[in-house]
Amino acid sequence: MYIYDEIDQRIIDERVTQFRDQTRRFLAGELSEDDFRPLRLQNGLYVQRHAPMLRVAIPYGHLRSQQLRKLADIARRYDRGYAHFSTRQNIQFNWPELAKVPDILAELATVQMHAIQTSGNCVRNFTSDHFAGVAQDEVIDPRPYAEIMRQWFTFHPEFAYLPRKFKMALNGATHDRAAVFVHDIGINLIHNEQGEIGAQVIVGGGLGRTPIIGSIIKPFLPWQHLLSYCDAILRVYNRYGRRDNKYKARIKILVKALGPEVFAQMVEDEWQYTKDGPSTLTQAEFDRVAAHFQPPAYQAFASDDADYQQHLQSDPAFARWASRNVHGHKQAGYAAVTLSLKRLGTAPGDVTDAQMEAAADLADDYSFGELRVSHEQNLILADVPQHALYALWQRARALNLATPNIGMLTNMIACPGGDFCALANAKSIPIAEAIAERFEDLDYLFDVGELDLNISGCMNSCGHHHVGHIGILGVDKNGSEWYQISLGGHQGYDKHGTPAAIGKVIGPSFAQDEVAGVIEKIVGVYLDQRQDEERFIDTVKRVGIDPFKERVYAKAH
Amino acid sequence: MPKLIKQGQLVEDHWQLAAADETATGYDGPVLVPLSVWLSQREHWLAYAHPVGLLVDGDAEPDEFAADLPHFSLIAIHFPAFTDGRGYSLARLLRERHHYQGELRATGDILRDQLQYLSRCGFDSFQLREGEDPAKALAGLADFSEHYQSALDQPVPLFRRRA
Ligand code: HEM
Ligand code: SF4
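Residue numbers (numbering that gives the first Met the number 0), protein chains in the order written: chain W, 0 to 556; chain R, 0 to 162.
Simulated from the structure, these hints should not be mistaken for lab results.
Virtual Cβ for every residue (Gly too), placed ideally from N, Cα, C.
Some hints here could point you the wrong way.
Partial list, computed: chain W residues near chain R (C-beta under 7 Å) [stated by the list, open to error]: (1) Ile6; (2) Glu13; (3) Val15; (4) Arg36; (5) Pro37; (6) His155; (7) Tyr160; (8) Arg234; (9) Asn237; (10) Tyr272; (11) Ser278; (12) Gly417.
Given these sequences and hints, build the entire structure.
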C-alpha cells in the first residue's frame, strides 16, 4: 500500500490546519453559511437530516488494519459507535459534531487518512477494482496509476470549482469491477498491439436523474499522458459545462449536447498544448509509486490446499460460504475473501466500531494487515492463505461478517434513503430489510444464484439502481412513498460484451408493503424461464421484460 | 480607495473602471475597460495616454482579444460567485498559452480561501469581495507549502522534484 512520505504528510497536516481555521471562522460568525458550505463540502462535510455527515476517503478502497482501527476509534469517540461504507469506497460518519470535525481530521491525519474532496464540485475520490493486484483476470494492476492520479487531483488549483462533482474510476481487469462506463471519466488500462500500456478513456457516463453510458473518446492513451489528457478533459468541462442548471451540469450533459466526437476533438485540441509538457509521467515516478504495491511476502503453497479441500467436503455451511465469499487469486494457495456487511437487521454497509476492530484483527492475522472496501459496501481480505480459510470463516461467522451472499440478491446495494437523507423520496432501508427477510432461506437464495439488486431512495441514484439487475427507485406520489422497479441493468461487461446497461422500468410503481412480494414474483419468472445455468440477467436479456411484467401486474388485468 | 492584495502586499488600487456606455472622455490615469467596451471602442482606447486594463468574465474566449494583449498592463477576471471556477482556466490560458505577462487580477466574489489556488493559476493581484479584510486574508496565500501539480507558481510537478 502507498505510504506517505514527509511531503504527502505535510500536505494533509496543512489541510487540517486550514480546515480548523475555516471551521473556527464559521463558528465565530466570520464566514456565512453560504460561504462555508462549498468549503466544508470539499472536505466531505454535509449537513444532513439529523446532524453533519463526514465522508472520509479510502483511496481506491485500500486500508491498513491500523487505519481501520482509527476509524473504529473515531466512530466510538466522536460518533455513535458505528459508521457506513459507501458505494464509492468511502466511509461516512453520520453524527459527528461540527466543532469536533477538525479534531477528527487531525486524528485521521495520524494514520495518513483525510476527507479531501470526498464531496463538493471537484474531482472526487478515485475508485478502482477491489480485487486489484490479486484478481486472476487482471491485465494491469491499476493501483500505481490510481495513486499517481490521486496525487494529481488532490488540491488541483484549476478544478476546485467545477460546474458539478466529478467522479473517476480505474479498471485494469477483463471484468469491469469499477463501473468505468458510469463515471465522469472511466479508465480501462489496456495493452496496445506493441504490448505497451495505455488507457482507454471513457467520458460522460453517470447515473442520477439522467443515466448515461459513457463514450470512449480515446481508445488508447499512452500512460505517460494520463495527467495532461485528464487536465484537458477537465479544462474543457470547466469552461463549457453548464452552470445555469444544477441538474444539467454534469459532464455527461456536455458530452451529450456536443456529441462525443466533437467533445473528443475539443479535448484533443486542448491537449496538444500540454501534451509533452512537465506533467508527462516519468518511469521513475511510476517505479517509485509501484514499489508500494509489490506483492506481499507470499509463501509457496500448493494451489489446492488439502486441509481446505477436506473442510469443503465435510462442512456444507463452510462450503456454501466459500462458494460465494472466497475468490480466486493470482498466487497459488491464496484466496481473496469478502467479509459481508449485508445481514438481516442492519442497513447495508453499516459497521460497528467493534466489527471494524475485529476485521482489523482478521486482516492482521490472515491477510498481511491490509483490507479493501468494495463499492458493494463490503470488506475484503485480499491475501488469505487457503489453509487459513476455515479458521477465518469461523471467526468471521462469530462476528456476523460471514453471510454467504456475495454476488447474490441479499448482497444488495442500498443508499441511506429517507431514514437519514434529506433528499429522499422514500425510505430504502426497510425495503432492503423486507427483501432480505423474504430471501432469508439460503437454499432458495443459492438456487436463484447471481443477482445484483440495487435500491436508491430518489433519482440521485446513490444506490445505483439503474445498473442493478433489479433496480428499485423510491418515488414520490402525492406525498407518499412508492417504488419503481427496473430490470436488466448491469454495471460491467456482460457475456455479450455490452459494457454496462441501464435497466428498463417495468411499469407503475408499488407501495412499500408490496415490494418484497413483487421481487419474489420477478425471481419466480426467472426460475420458470431460465435455461441451464443461465443467470438472472442473462434470462432477462434473452426473454425481455414482458414475461416479468405480465406476472407482476397480473392481478390488475 | 479600496485596498488590493498585489504580489503579496497590500496596496492602493489606482485603477478606475470605464463605464459601459461612455466613450473614453473625462478619464485620467489608468482605466480598466470592460471587454464589450474595448471591442466597440478599441481605437479610442488604443490612443489613450495612460495605462489601459481589460475586465473580462470567466467565460470570455481569449481568442477575442488575444491579439490585443500587449496593450494591457492589467487584466481583471471577474468572478460572479467564488464557486464559478471558469476564471481559473481562463487565467491559465492567458498566462500559459497566450504568454500574458502583466498584472492578472481576480475581482468579484473573492475570499481568502481561494487565494492560493488563484495565485497558482497565475493571478498576482486580488480584489476581495466587499467587506472582506485583505490584511486578514493575506495568510490565505500560503495555506499549503507544497503542491502536487504543475501550475504557474511551480511548473515542475512534485513527482519530478521528489528525491
Ligand atoms: C445521506 C445523504 C446523502 C445525500 C444528501 C446524497 C446526495 C446525493 C446527490 C444530490 C447526488 C446526485 C448528484 C448528481 O446530480 O449527480 C448523489 C449521487 C450519488 N451518491 Fe449520494 N447522497 C447521500 C448519501 C450517499 C451515500 C451514503 C452513498 C453511498 C452509499 C452515496 C453515493 C452516491 C453515489 C455513488 C452517487 C452518484 C451516482 C451517479 O453516478 O450519478 N450517497 N448523492
Ligand atoms: S439516492 Fe436519494 S435518498 Fe438515497 S442517499 Fe442519495 S440523495 Fe439520499
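* Asked: Failing hints, ascending?
  -> Structure breaks hints 3, 4, 12.
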